[in-house]
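> As a plain string of letters, each chain reads:
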Amino acid sequence: MIQMKPAGLALHGVVKRFGPTEVIPPLDLVVVPGELCVLVGPSGCGKSTLLRMIAGLEEVTAGRIEIAGRDVTHAESAQRGVAMVFQSYALYPHLTVRQNMGFGLELAGRPKAEIREKVDAAAAILRMTDYMDRKPKALSGGQRQRVAIGRAIVRQPDLFLLDEPLSNLDAELRNEMRVEIARLHKELGVTMVYVTHDQVEAMTMADKIVVLNGGRIEQAGRPMDLYRDPQTAFVAGFIGSPRMNFLNGAALGEPSVHTWGIRPEHLAISPTEGDWPATVELVENLGSETLVHLQADGIGPVIVKLGRDATFETGGHVFLTPDPSAVRRFGADGKPLRR
Amino acid sequence: MGVATFLGRRAGGRKASFTDWLCYAYLAVAFLTIALPVVWLVLSSFKPESELTQYPPTILPNAPVLLEIEGQPRPLPAYTIEGREGVFGLRAQVGRIAVLIDPHPPHEQVRVEATTITRLAEPHLEVSNYTEPLTARLSAFDFPLFLYNSAFVTIVATILSVVMNSMAGYALSRYRFRSRMGFLLLVVFALMIPQTVILVPLFLVVNSLALYDTLWGAILPVAATPVGIFLMRQYMLTLPEDLFEAARIDGGSEWQLFWRIAVPLSMPAIAVLAILSVIWRWNDFLWPLIVLQRSENYTLQLGLNAFQGEFEVQWHYLLAMAVLSLLPVTLIFAFLQKSITGGIATTGMK
Amino acid sequence: MAMNPLNAVGRWTVDWTNPPMRWLQARVGVRRMAFLFLLPNFLALAIFVFLPMLLNGVYAVTDGNRVLPTERAFVGLQHFRTLFSCTNYLDPATCAPEVFFFWRGLYNTVFFVVIEVVCMVGFSLATALVLNRLVRAQGFWRAVFFYPVMLSPVVVALIWKWILDRQGLLNGTLDRLGLDGLPWLLDAHWAMFWSIFIYVWAHAGFYTLIILAGLQAIPKDLYEAASLESDRPFTNGRIFRKVTLPLLMPTLLSVSVIAVTKAFQVFDEVWVLTRGGPGTATTFVLQSIYETGFTTAPREYGLAAAMSILLALIIFLLTGLQLVLSNRRMEDR
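Residue numbers (the working numbering), protein chains in the order written: chain B, 121 to 459; chain G, 51 to 400; chain P, 127 to 459.
Hints were generated in silico from the structure; no laboratory data involved.
Only a predicted model underlies this, so the values are computations on that prediction, with no experimental measurement involved.
Among the hints, erroneous ones may be present.
Listed next, the in silico DMTMM-like pairs over lysine to aspartate or glutamate satisfying Cα-Cα at most 20 Å (straight line) [as the list claims (entries may be wrong)]:
#1 B/Lys255 - B/Asp240
#2 B/Lys125 - B/Asp191
#3 B/Lys255 - G/Asp292
#4 B/Lys455 - B/Glu374
#5 B/Lys232 - P/Asp141
#6 B/Lys425 - B/Asp443
#7 B/Lys306 - B/Glu155
#8 B/Lys257 - G/Asp292
#9 P/Lys368 - P/Asp347
#10 B/Lys257 - G/Glu291
#11 B/Lys425 - B/Glu401
#12 P/Lys368 - P/Glu350
Listed below are several chain B residues computed to face chain G (Cβ distance under 10 Å; list not exhaustive) [unchecked claim]:
#13 Arg172
#14 Ala175
#15 Glu196
#16 Ser197
#17 Ala198
#18 Ser208
#19 Leu215
#20 Phe223
#21 Leu225
#22 Leu227
#23 Ala228
#24 Ala268
#25 Ala272
#26 Arg275
Glycine included, every Cβ here is placed at the ideal spot set by N, Cα and C.
Could you build all of it, start to finish, from the sequences and the hints given here?
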C-alpha cells in the first residue's frame, strides 16, 4: 500500500543566476524529515525558483542540494525521489483520472497490478474513487486539485513539493483543501515543501515557515515564533493580517527608532482617553471582528483590529493606546532594536 | 416563405439591397463555373465510348437503344423517323441517306434523309469504364498498380512527414538551446527554396542514393516539409510547460514526454498536417515525373498523364480513372473541410 | 475517440524504443536530446534541399552528361554565356538554339504571371468580399470555392481538356446556341487564355481563403467608428476605399507575393493541357528547364542548372522588390 519514508532536505549555499542577475544569493536551508515547510514571500521573491531547483527543473548555479542525505544537485528530476503538485495542477487532458494518477508509475514501467493497487489506495485516501474514469475537464477545481495530489502520492516520494497548489481555487475550497493537505501530511507523515504567497496558508499549515524576500531568507521558524518575534521589519509586516502598523519612530519621540511597529490587534481604542488622539476614517465590520482605519494625529494612518462587533462614527474622534509589551522597534537596517 | 425572401433575408431583418442581389448572382455564376466541370467529368465518366463521341454532347449518361432484328447479324441502334410511326433499326448511313429496317416482319427497308431520323437513347451507367482498367491491363497501363503506388507514396510520405515534423516542431518549441534561432532560420530558408529551382541537383542526389526510379525517390525528397515544422511548432508552443515538467518529475524520459504527452495533445495539428500531406503527395506531379521512369513505378497522376498522351486517347477509361483519383481527396475534403481550410488559413501555405 | 488507436500505436512504439533513448539521455543530458528530435527532419532537409541548392552552383559551372560532379568538366561561366547569347533579347530566335525555349518560355511566363496575378488577386478579393458579406452558409461557400484547390493538377487539366475538346462541352453548347465553336487549344492566343483561366480556376480558392481571413481580422468597430466620424453618409464603395482596402493592404501584398512566386513556377496544369503548344505558345520557363535537363538527349544538366539559378534569382528579386515596395507603402501611411 501507500507507505512513505520521509526524507530530509538540505540546501547548502545554493545560488541561482539568470545571466547577470542573481535571483537567489547563497542560501542555506534545512528541512527535517516529516516536516511541512512553507516557503512564503511576495511574488518575485524567488520561492518558486527555489522549489524548482529542489525539483531539478531549474539548474543550480552554485551550491549543493541534498535529499535524504544524498547529493542530488546535478541529478535529473526523476532521480531525486520527489513529487510535485503544480499551481496549474498539470493534469494531462487526454488521460482519465486513473491514467493521470498512474502515469508516473507507468512511465517507470511498473507492473499493471501494482499501478492499479496504488492508484486505488491513493484514490481512497483522497475520496476520489467515484471519479476515476473521468477526464480532467469533467472535474471541478477541487477534484482536479485532489487528482494532482493523488498523482504525487501514488509515486510514494521521499519529498513532496507543492507550488502554490491552492491559488486557483475559490476562497471556500481553498480553506477546505488547506485542511485536507494538512490532514494528508499528518496521515502520511511525509516531508513537504510548500510554496505560497498567502501568509494565512503559511500560518495555518506550516511546521516551519521560511519567509523569503529578494531571494534571501528573512527568517525561518515556527509560525507563532515568527508572529511573536519577527527578526526583521519585513517579516513583521508580512506575517499577520492585517499587516503590522509601521510608524515613524521620530514622530513618536523615539528618534533612534527607524520603524516603530504595533500589530492592529495590540492597540486599544477608547472614546475618551488614551495615548494618541485619532480620527476614524473607515470601519470594516467582518462580523467576528472589526477593522478600524484611523488617522492618528501627527503620527499617520493606523489600523486597529477589534475581536468584537463595534460601531464607530466615521470622522469621530477617539484615543488609541498601544500595548507596550507588543511594540516592535526596528533600526534603519530592518533589524529589531533590543532595549 | 419563398426562396427569394429566404435568400434575401439578412441579419437584422433588413431587406436585401441591390448589392446583395449582385452578390448572389456572383455566387451563382461562380458556383456553376466551379461545379459544372467537375460534374461534367463525373457524368462523362459513366458514358459508353460510343456516347462520348456524340456531338453535340449529351448531358446525362445514356446508351443507344439496340434492336435485335431477325436476319441481321448484330443488334442495330434504334431510331425514329420524322412523320412515321414506330421505331426502326439503323443499318447503314451513306452520305445523307440513312438505311433503316423495320423490326417487325416483313422487315421493310426504309431509305430517308439522314436529317429526318432521331436516335433513341436510354439512361445507362457504363460501369465497365471503371471495372475494366481496374481488372484488365490496358496495354502498358496497369491502373491497380498505379493506384497502389500512389497510395504507398502518399501513406509513407505522410507518416514520415508527421513523425519528422512533430519531432522537429517539438524540439523547436519546447527546448531552449543556443542554436534554436539558427534552426528556425534554416526552416524559413528551406521554405523559400521552391523545389522547382533545385530539380537538377536533387536528381543527382536521388540518383547517388540509388533512389532513382524507385517509389522512395518520390517520397524522401518531399517528406521533410518545412511548412509542417512550422505548423507543429506553432501548435506545440501553446501546450502548457507544466505538463512536461510534471512528467519529468514523474520520471519520464524526453522520448516518452514527446510520444506520451506532446503527440497525443497535438493531435489537432497532426491531423491537419496529415490531411494536407495526403493531398500534397496524392497530387504531386513534376517531381515524380522526373524521378519515376518505368511505368510500373508510375503514380496515378503519372499514369493519367501518360494515358492521355497516347496517340488514341481512350477517353472513357481516362475520365473514369480521373474520377477515381479525385475520390479520396473529395472524401477527405467532404469530411474534414473545416480543419483543412483552418489549417491553410493559419499557415498560409498550401 | 477516433485517435485512440493512434495513441496505442504511439505508446507501443515508445515502450520498446524507450530504453535506448533513456540511456542516450543519461549520456548527453536533457537539453541535448533536442538535437535528437531535430536530427531526422534536418538531415532530410540537408540532403534534399540544402545540399542540392549548393550543388546547383556546381552543376552550372560544369559540363557533360555525367551525373557525378567529380566526373564533370569545369567550364566556368560557359552555360551562362550560352544563356545570354542572344543578339536581341526580345527575340528568342536570335539566341543560341539550346536556350531558345528558355527565353521563349521566360517571355511567356512573364506575360502569364502579369495577367494571372492581376486576375487571381482581383477574383480572389471579389470572392472574399462576397463571402464576407454572407450571413449564413459561409462555410459551405468557402468550401465550394476551395474545392478546386484540392484537385490534382493533372485531373484539372484533363477536365478542361475534355471540355475544350473540338467536340467538347463548350463547342457543343456554343453550337446549340447557334455560335461557331473553335479548336480552343490549337489557337495560340486561346491556349494562353485557357492556361490562365484554368490556373486561376484551380488556385483562386487558396488566395480567397487567405484574403477572407484578412478581412475577418479587421475589427468590426472600425467600421462603426468610421461611419460615426464621417460627415458624409458611407456608401459601400466608400467604406471599401476608406476602411477595408487600407487595412487589407498587408494581406493583399503578401498574397500577391505568393501568387507571383507560384505563377513563375507554373508547369503541371498547362503542360498536361497543351504540352506547351500550339508551337511554343504556352511553353513556360519551368517546362524549358525540365526539357533541357530531363527529356532532351543528351541531358544538359549544366545548362538546366544555370537556368534554374536564373529562375531562382528572378523569383527572389521579384519577391524582394515586392517586399521593399510594400514596406515603403506601409511607411508612407
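> Sort out which numbered hints this structure fails and list those numbers smallest first.
none
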